[in-house]
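S.K.: Spelled out from the first residue to the last, the chains are:
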Amino acid sequence: MGLKTMLLAGADERDLTKLGEYQAIGGYEQVPKARAMSSDDLIALLQAANLRGRGGAGFPMGRKASLIDRKSPKPKYLVVNADESEPGAFKDRQVMAQVPHRLIEGCLITAHAIESQDVFIYIRGEYLTEYEVLQRAVDEARAAGIFGDIEVTVYRGAGAYICGEETALLDSLEGRRGQPRPRPPFPPIQGLYAAPTQINNVCTIATVPAIIELGPDGFANVGTPGSPGTVIFSISGNVEKPGNYELELGTSMRELIYTHAGGIAGGHQLKAVIPGGSSVPALSAQQIDVPLDYDSLGAIGTFFGAASLIVVDERCCMVQLALRSTKFYMHESCGKCTPCREGTRWMVQLLEKIEAGDAELSDVDLLRNVCSRILGKSLCALGDFAVYPVSSYLEKWGEEFVAHVEHGGCPYGGESSLERIFAPSDQHTHSPVAQVPA
Amino acid sequence: MSSLTAEIREIAARYPDSRTAILPALRLAQEQNGGWLTSESFVQVGEALGLTPAYCQAVASFYDMFHLAPVGRHTVEVCTNLSCALVGAQQVVEAFETELGVAPGETTEDGEITFRAVECLGGCGYATVVAVDNRYRHFVKPEDVPAIVEDVRGA
Numbered sequence: 001m002g003l004k005t006m007l008l009a010g011a012d013e014r015d016l017t018k019l020g021e022y023q024a025i026g027g028y029e030q031v032p033k034a035r036a037m038s039s040d041d042l043i044a045l046l047q048a049a050n051l052r053g054r055g056g057a058g059f060p061m062g063r064k065a066s067l068i069d070r071k072s073p074k075p076k077y078l079v080v081n082a083d084e085s086e087p088g089a090f091k092d093r094q095v096m097a098q099v100p101h102r103l104i105e106g107c108l109i110t111a112h113a114i115e116s117q118d119v120f121i122y123i124r125g126e127y128l129t130e131y132e133v134l135q136r137a138v139d140e141a142r143a144a145g146i147f148g149d150i151e152v153t154v155y156r157g158a159g160a161y162i163c164g165e166e167t168a169l170l171d172s173l174e175g176r177r178g179q180p181r182p183r184p185p186f187p188p189i190q191g192l193y194a195a196p197t198q199i200n201n202v203c204t205i206a207t208v209p210a211i212i213e214l215g216p217d218g219f220a221n222v223g224t225p226g227s228p229g230t231v232i233f234s235i236s237g238n239v240e241k242p243g244n245y246e247l248e249l250g251t252s253m254r255e256l257i258y259t260h261a262g263g264i265a266g267g268h269q270l271k272a273v274i275p276g277g278s279s280v281p282a283l284s285a286q287q288i289d290v291p292l293d294y295d296s297l298g299a300i301g302t303f304f305g306a307a308s309l310i311v312v313d314e315r316c317c318m319v320q321l322a323l324r325s326t327k328f329y330m331h332e333s334c335g336k337c338t339p340c341r342e343g344t345r346w347m348v349q350l351l352e353k354i355e356a357g358d359a360e361l362s363d364v365d366l367l368r369n370v371c372s373r374i375l376g377k378s379l380c381a382l383g384d385f386a387v388y389p390v391s392s393y394l395e396k397w398g399e400e401f402v403a404h405v406e407h408g409g410c411p412y413g414g415e416s417s418l419e420r421i422f423a424p425s426d427q428h429t430h431s432p433v434a435q436v437p438a
Numbered sequence: 439m440s441s442l443t444a445e446i447r448e449i450a451a452r453y454p455d456s457r458t459a460i461l462p463a464l465r466l467a468q469e470q471n472g473g474w475l476t477s478e479s480f481v482q483v484g485e486a487l488g489l490t491p492a493y494c495q496a497v498a499s500f501y502d503m504f505h506l507a508p509v510g511r512h513t514v515e516v517c518t519n520l521s522c523a524l525v526g527a528q529q530v531v532e533a534f535e536t537e538l539g540v541a542p543g544e545t546t547e548d549g550e551i552t553f554r555a556v557e558c559l560g561g562c563g564y565a566t567v568v569a570v571d572n573r574y575r576h577f578v579k580p581e582d583v584p585a586i587v588e589d590v591r592g593a
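Line by line, the protein sequences give chains A and B. Take the first sequence: its letters are residues 1 to 438, numbered as in the working numbering. Take the second sequence: its letters are residues 439 to 593, numbered as in the working numbering.
If you are wondering where the hints come from, they were derived from the structure by calculation, not from laboratory data. Fair warning: this is a prediction, and the values are worked out from it, not measured in the lab. Keep in mind that a hint or two might mislead.
[To be verified] Okay, the calculated bits of chain A under chain B, using three or more residues with CB under 8 Å as the criterion: (1) 78 to 86; (2) 121 to 130; (3) 161 to 174; (4) 233 to 239; (5) 317 to 325; (6) 328 to 342; (7) 415 to 423.
[Said to hold, decoys possible] If you want a taste of the chain B side facing chain A, the calculated C-beta under 8 Å gives, among others: (8) 460; (9) 497; (10) 501; (11) 563; (12) 585.
Virtual Cβ for every residue (Gly too), placed ideally from N, Cα, C.
Let's have the full structure, built from the sequences with the hints guiding it.
M.R.: What follows is the structure, encoded as structure tokens:
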């Protein structure tokens with residue numbers, strides 16, 4: 001357990017954005033190996049490796065590939081989700097900036113597995129520099145004849161968190177407002193342009209070359225039996241050395257926070273860790289001896305999520321944390337489903353009332369009630385993502401919410417680390433609607 | 439055929455369905471129109487792709503990076519989501535307010551800089567993140583703000 005490079009291997013020593021440098025360390029050698037295998041055998045190998053999705057849901061990547069309707073007369077598509085937007089996550093960005101060819105190599109192998117000739121990489125619009133690096137790498141690999149009959153297209157989003165949700169991403173890629181679709185049908189049956197589509201996160205696909213190289217048994221030697229491999233963990237917030245750390249799955253959270261990230265900054269005390277990006281239930285300081293793997297985090301009531309830890313010290317008011325988090329989800333709710341669209345607004349209003357000291361105890365109960373009316377009631381999980389963290393703050397730090405009511409305002413008295421924090425939804429700049437001529 | 443129409447049609451030809459080209463087409467139209475989209479932009483994009491102007495506006499209004507009102511020559515965007523907020527993004531916001539004389543969401547009177555607070559930019563480990571014309575600056579502290587503004591104005 002501990003630090004181990006697989007996705008980022010070689011990136012410290014060489015400029016792996018260059019094709020020649022990547023090939024010098026064995027880059028693209030797994031593509032002919034994979035192409036020598038039948039599609040069935042390659043999918044069986046990926047299933048045996050039990051690579052779990054790194055984007056958030058943790059669904060086994062090989063199993064996803066096995067669900068692709070390869071008999072369909074339609075084209076099959078591989079779509080890479082590079083719309084990294086979860087607050088706390090910044091690992092896909094590093095992979096694209098430093099090892100773009102490893103991602104492309106993973107695309108070529110996976111495309112062979114699902115018998116696809118069309119790969120789309122959907123990168124969030126804000127990642128301009130990373131887009132340029134990735135596009136150059138794609139062009140260089142194509143010019144070198146590595147693609148064969150496969151085409152890889154990098155497609156830029158335009159600023160919408162929801163497009164990281166796989167069916168919203170597909171709608172966006174089809175030139176629509178990025179709103180989630182009802183399921184079934186699931187993307188392996190009817191995805192992009194209603195054709196069978198495999199969708200995986202950047203880090204998932206970038207791990208595939210290592211699986212071909214090591215074989216499922218060699219890959220299983222890294223990490224834990226239920227969560228093999230390495231993961232790049234993003235850690236941010238109140239730690240001394242925030243950043244990305246690639247670790248074997250199963251490394252303890254304490255080791256990541258205190259050994260690698262240098263512990264809590266400025267001599268402060270650890271209060272909470274939001275372990276998977278801002279959308280998951282938070283853990284208290286007493287819970288950080290948990291191994292960082294899918295099953296262990298699930299067993300203590302949270303999610304592995306996007307492997308992105310936000311560390312919070314004792315200066316933070318949990319009502320303010322809940323409010324800022326919920327304003328984000330309210331802003332990013334696509335508006336399609338009523339419980340999420342309206343519920344997140346209710347949550348913000350109640351949290352504002354509590355923070356201002358205008359609430360009664362019944363408002364705290366009402367907040368819990370609203371949460372329960374959002375959870376699980378929409379087409380996608382965005383509404384749930386607003387609720388999970390807030391429910392955990394209510395459960396573990398409920399006395400702070402009550403203290404706001406009893407104290408008639410924030411007990412931190414203006415000293416909380418999130419005091420006055422501004423949110424984009426506070427900007428009343430929704431553009432005047434342009435007039436469309438008749 | 440205008441050069442914008444020709445460029446959009448060339449992009450559209452790369453995709454299995456020309457509708458997919460709407461995001462790159464809107465981006466192009468925005469770049470060629472001083473950073474924002476007008477009703478005329480939607481007519482142009484719509485004609486190039488065989489879509490109605492209303493459809494193009496509906497798509498554009500969904501995405502944060504399309505502007506439906508005039509913006510400054512440059513944009514300065516400060517992330518105020520959790521990771522940046524926990525290490526002092528609010529102080530960075532306030533430093534920009536002081537330096538630029540405008541609130542988040544506003545443009546300086548000379549039309550040079552649009553200042554916005556934005557949601558997570560994906561630089562949480564390098565907080566506070568400030569994007570100047572979509573190029574990220576990392577570990578920004580309030581005391582760095584005057585130099586950033588000078589830099590933007592000089593660009």
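S.K.: Against this structure, judge whether each hint is valid.
M.R.: Against the structure, the hints come out as follows:
no., hint, result
1, 78 to 86, "holds (count 3)"
2, 121 to 130, "holds (count 6)"
3, 161 to 174, "holds (count 4)"
4, 233 to 239, "holds (count 5)"
5, 317 to 325, "holds (count 3)"
6, 328 to 342, "holds (count 4)"
7, 415 to 423, "holds (count 7)"
8, 460, "4 Å, holds"
9, 497, "6 Å, holds"
10, 501, "4 Å, holds"
11, 563, "4 Å, holds"
12, 585, "21 Å, violated"
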